[in-house]
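**Q** The primary structure of each chain is shown beneath.
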Amino acid sequence: MAQITLNAVAKTYPGRPARQLFRDVSLDVGDGEFVVLVGPSGCGKSTLLRMIAGLEDISGGEIRIDGVRVDELAPVKRGLSMVFQNYALYGHMSVFENIAFGLRLNRTPRAEIERRVREAAELLQIGHLLERRPPQLSGGQRQRVAIGRAIVRAPRAFLFDEPLSNLDAALRADMRVEIARLHQRLGATMVYVTHDQVEAMTLADRIVVMGPNGVEQIGAPMRVYERPANVFVAGFIGSPKMNLFPARHDQEDRVAVGEATLPWRAAGSAAGSGAVTAGVRPEHLLLAADGPLRATLLLVERLGAESLLHLAVPGLAQALVASVKDAPPPEGSAVRLDVRPGRLHLFDAAGMRMAAAGDQAAQEKSGT
Amino acid sequence: MSRSGPPIRRRLRALGMGMLMNAVALLFALPLLFMFASSFKSDTAIFKDLSSWTALLPAPDWSLANYRAVFDKSELPTFMLNSAIVAALTVVGGILVNSMLAFALARLRWKGRQAVLTLVLAMLVVPFEVIAIPLLSVVARLPWTAYAHGALVVRHGWFNSLQVQIVPFLANAFCVFLFYQFFRDIPSELDEAAKMDGAGPWTIYWRIIMPNSGPVIATAAIVLFLGAWNQYLWPAMVIQGAALRPVQPGIQQFFGRSNSWGQIMAYASIITLPVLAVFLACQRRFVASVMGSGIKG
Amino acid sequence: MTFATSSGRDSAWSAALFAAPAMLLFLVFLLLPLIVAAGATFSNHRLVSPQPTEFVGLDNFRRLLSLQVVVIDPIADGAPRYPGWRAVRAAQPRLQGYREAFRLHWGRKRVVLAATDPLFYRSLVNTFRFAAMVMPLQCATALGLALLVNQKVRGRGFFRTVYFAPVVTSMVIVSIVWSFLLNTDRGMVNELLRAITGDGNAGPDWLGDPGYALPAIAVMSAWQGAGFQMLIILAGLQSISPELYEAATLMGANAWQRFVHVTLPGLRNTLIFVLLSTTIMAFGLFTQVDVMTAGGPLDSTTTVIYHAVRAGFREQDVGYGSTVALVFFVLVLAVSLLQRKLSSRGESV
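Protein chains in written order, with my numbering: chain A, 1 to 368; chain B, 1 to 297; chain C, 1 to 349.
Think of the hints as simulated: they come from the structure by calculation, not from any bench.
The reader is advised that the hints may include incorrect statements.
[What the hints assert, rightly or not] Computed Cβ-Cβ distance ranges for the label pairs, DEER-style:
{"hint": "1", "chain 1": "B", "residue 1": "R109", "chain 2": "A", "residue 2": "D174", "range": "37 to 45 Å"}
{"hint": "2", "chain 1": "B", "residue 1": "G214", "chain 2": "C", "residue 2": "A255", "range": "23 to 31 Å"}
{"hint": "3", "chain 1": "C", "residue 1": "R268", "chain 2": "B", "residue 2": "Q181", "range": "55 to 63 Å"}
{"hint": "4", "chain 1": "B", "residue 1": "F174", "chain 2": "C", "residue 2": "V153", "range": "27 to 35 Å"}
{"hint": "5", "chain 1": "C", "residue 1": "S241", "chain 2": "A", "residue 2": "L308", "range": "35 to 43 Å"}
{"hint": "6", "chain 1": "B", "residue 1": "K73", "chain 2": "C", "residue 2": "R154", "range": "38 to 46 Å"}
{"hint": "7", "chain 1": "C", "residue 1": "A253", "chain 2": "A", "residue 2": "E131", "range": "38 to 46 Å"}
{"hint": "8", "chain 1": "A", "residue 1": "G315", "chain 2": "C", "residue 2": "R268", "range": "34 to 42 Å"}
{"hint": "9", "chain 1": "A", "residue 1": "E131", "chain 2": "B", "residue 2": "A140", "range": "52 to 60 Å"}
Beta carbons: idealized from backbone N, C-alpha and C, even for Gly.
Construct the entire structure; sequences and hints are all you get.
**A** Below you can see the structure in the form of structure tokens.
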């Protein structure tokens with residue numbers, strides 16, 4: 001298994017005007033690590049993956065695998081395997097032939113090919129499909145064949161380009177688990193691209209959140225969840241979406257939200273910062289009889305396990321969303337809200353996270 | 001468009017439409033039916049039947065006499081063989097050559113790609129008649145190797161050969177265009193997966209792209225076959241003598257020499273049969289691609 | 001066997017290998033003749049000749065295109081009588097080498113259009129006449145066929161095949177079979193006419209009468225080509241959303257109104273393409289003429305291309321033949337550009 005290092009990688013599309021996708025991406029993927037590139041469509045995550053694979057040129061910087069520079073090498077020479085979003089199976093060949101294709105091109109001896117293909121097929125439970133052709137298979141089966149094709153070449157690392165996007169929700173959940181187990185079994189280095197933050201959170205050892213400014217944050221899933229580096233990451237990670245609303249930090253130890261105030265203290269001694277953006281996740285917005293925030297319940301969405309409450313808060317233009325597990329009060333009632341301690345995030349005028357006083361302790365407690 | 005009026009009206013309409021379509025079909029099939037029917041009749045029978053519908057039907061005393069006469073009197077078998085060879089080689093060579101260029105245009109990235117694409121599209125506009133005569137001059141001066149006196153010699157001029165009927169028509173701008181459009185629709189992920197597996201351009205072309213191109217290969221085959229089999233002007237110009245003559249100039253000559261309607265119709269039937277057979281076999285594909293290629297002009 | 005070295009661009013070497021065969025063939029068999037044609041128009045190149053080819057400047061063009069208009073007064077009063085062409089030419093030295101192409105009447109005078117190659121101008125007129133006849137006939141037929149075949153009746157695939165069958169038949173075969181059908185004494189067409197009108201002498205000499213030959217060929221060509229255009233129009237018809245028809249029906253439109261207000265506008269682009277391609281193909285009329293009438297009777301079916309091939313090939317004058325062909329090409333280009341322009345008025349392309 002291999003380490004993949006990206007150093008100040010940039011990508012610009014030529015033309016008039018030249019379009020710069022990202023400027024300065026640096027990333028260290030450790031041996032056996034599962035790294036997920038996540039972000040909205042168009043942020044360049046697939047492009048970055050393809051640059052690692054060798055299917056796209058890099059406009060600047062360098063890519064190294066195990067310390068060796070590879071950005072001039074053809075894809076096959078980099079020793080990587082890729083699983084594509086649309087499976088990219090060769091429809092006119094049998095499943096066996098699909099998986100064996102790379103080995104055949106490499107002139108691997110026949111017996112060896114047989115062995116390795118069957119081994120991969122067993123691992124993915126598609127041994128009974130080897131004589132069929134891709135058009136006869138279901139989506140999930142095709143995806144397994146694609147993974148089989150990637151495994152059989154014993155690559156140094158695996159690249160996944162939104163492999164589950166074309167599957168329906170139930171199948172996606174199953175395949176997610178399969179991929180996680182595959183990683184456990186093979187212990188392989190995996191770089192995985194997705195726009196689905198649930199996949200990112202559940203599969204990754206580390207997440208790379210990509211957004212309008214290139215790489216927004218790199219970190220373990222829980223860390224990114226608990227301490228988003230900026231407004232973009234805060235709004236992207238976590239479902240339902242974090243509530244983000246304007247507030248004022250004029251006094252050292254509190255934040256004014258509409259007509260109410262919430263306690264918040266900066267780490268270090270920063271005086272008031274003026275206009276800020278505050279963020280609270282719906283699951284951390286609580287109904288409390290004596291909470292500081294007054295609100296009116298506009299709408300209840302019952303999801304079964306939880307309910308989403310849409311609340312109008314005086315002084316705020318948009319509604320806040322709270323997620324509760326108990327029976328919600330009737331629509332139209334006046335309620336009071338509180339924020340779970342330590343779960344109020346503040347972002348400065350530039351959108352960057354402002355360090356809070358309790359961060360250090362929380363970090364040590366959760367071990368992120 | 002079919003829910004107009006009460007059922008009886010609808011029935012009548014459908015009946016009327018059916019009759020109309022059948023009448024038109026008869027009109028369109030008439031000349032060919034006449035040709036086939038007459039080929040089995042003696043000349044007197046043909047003339048007798050002319051003013052009635054029986055002209056389109058075989059006579060009760062039909063025979064193959066005309067066909068026998070054609071085989072005796074003319075070198076039709078030779079002509080058929082020539083046309084078959086020319087058509088076969090044109091189809092195979094044409095598919096290869098045109099698909100390779102289309103692959104380079106659709107799949108590879110190289111400088112000058114855009115220029116060549118524009119050039120190919122421009123060549124679609126040039127009618128053959130414009131270059132037919134100067135092509136004669138060109139072809140008169142091209143070299144070709146041949147075996148003579150036990151050694152390889154170089155002869156000049158391609159007249160009266162098979163290659164003059166084949167080679168100028170291998171590169172076909174329309175076929176290149178067909179292949180190009182089709183290749184563009186094949187997802188490039190297939191190429192990329194193959195690249196990850198270590199395939200180079202030729203492997204991708206030969207083992208991935210072409211096997212997935214059945215429909216367009218069939219269409220190109222028909223286009224090239226029809227072009228080669230139905231060729232008239234060019235072979236009339238470059239082939240003298242019967243040895244290498246193909247079927248169309250052949251029948252034209254027979255038409256000029258013979259007085260027998262029946263025999264001429266037999267000849268015509270023989271050389272039209274392969275075309276109709278190929279067409280009937282592939283008509284769905286062919287129709288689909290003609291319909292798919294012309295809408296926006 | 002990896003050709004590519006860098007990941008983004010494919011090596012020029014492999015691209016060249018793929019493109020080379022076809023490009024080479026195009027170069028030698030399409031572009032080279034085109035260049036030779038352009039060059040030949042300025043020379044007296046012959047197909048096989050012991051003499052070397054010489055540069056003759058614009059002589060070919062002059063020989064092809066020179067046209068003079070000569071007005072001739074009648075000789076005597078009363079019933080008009082005119083001097084013969086030879087006499088007129090002798091009287092005016094500038095008319096040396098000119099022959100009569102067309103003769104018109106203007107009041108009491110006779111107007112003669114004289115040219116050094118009268119056949120060229122007559123072939124030009126023939127070609128335009130032919131195109132003017134074929135185009136509406138073939139396109140209207142194709143439209144009719146497409147509308148028929150578009151109905152949801154059983155066996156429409158069969159009908160579509162039958163209507164298309166003439167297209168795949170070689171033009172030589174079509175010409176020969178139609179020659180029989182159009183035979184004056186015994187052809188089916190005239191037999192039918194005689195049966196219908198009851199007149200034993202009915203039925204013109206289709207291919208032998210200068211007035212009827214070209215129209216006969218036009219009808220035959222329309223028959224042969226309609227199937228092809230039918231398919232293209234059919235594709236256009238099927239791309240018109242059925243919802244448009246439903247909306248029109250709900251608003252009370254009858255079949256004719258639906259045709260005019262939904263079908264025709266929806267077919268606009270398709271019809272333009274069909275008209276254009278039919279015209280261009282019509283201009284290239286050759287095989288039918290060669291097989292059926294050899295340019296006659298009285299040059300009434302000689303077309304520009306027939307003239308070019310006869311001059312360039314049968315008479316071995318490649319320079320002159322190329323000149324005719326090139327003028328033809330420019331003509332076709334001009335007509336198609338004109339047609340394009342006329343039909344794109346009001347259209348936002």
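**Q** All hints are to be evaluated individually against the structure, with a verdict given for each.
**A** So, going through the hints one by one against the coordinates:
1. B:R109 / A:D174: 37 to 45 Å: Taking Cβ atoms as reference, R109 (chain B) and D174 (chain A) lie about 39 Å apart, which means the hint holds.
2. B:G214 / C:A255: 23 to 31 Å: Hint violated: Cβ distance 40 Å, outside 23 to 31 Å.
3. C:R268 / B:Q181: 55 to 63 Å: violated, 23 Å
4. B:F174 / C:V153: 27 to 35 Å: Between F174 (chain B) and V153 (chain C), where Cβ atoms are some 32 Å apart, the hint holds.
5. C:S241 / A:L308: 35 to 43 Å: holds, 40 Å
6. B:K73 / C:R154: 38 to 46 Å: holds, 45 Å
7. C:A253 / A:E131: 38 to 46 Å: The hinted range 38 to 46 Å is violated for A253 (chain C) and E131 (chain A), with Cβ atoms some 57 Å apart.
8. A:G315 / C:R268: 34 to 42 Å: Once the Cβ atoms are compared, 58 Å apart, the range 34 to 42 Å for R268 (chain C) and G315 (chain A) is violated.
9. A:E131 / B:A140: 52 to 60 Å: Holds, at about 57 Å.
The structure fails hints 2, 3, 7 and 8 (numbered hints given earlier, in ascending order).
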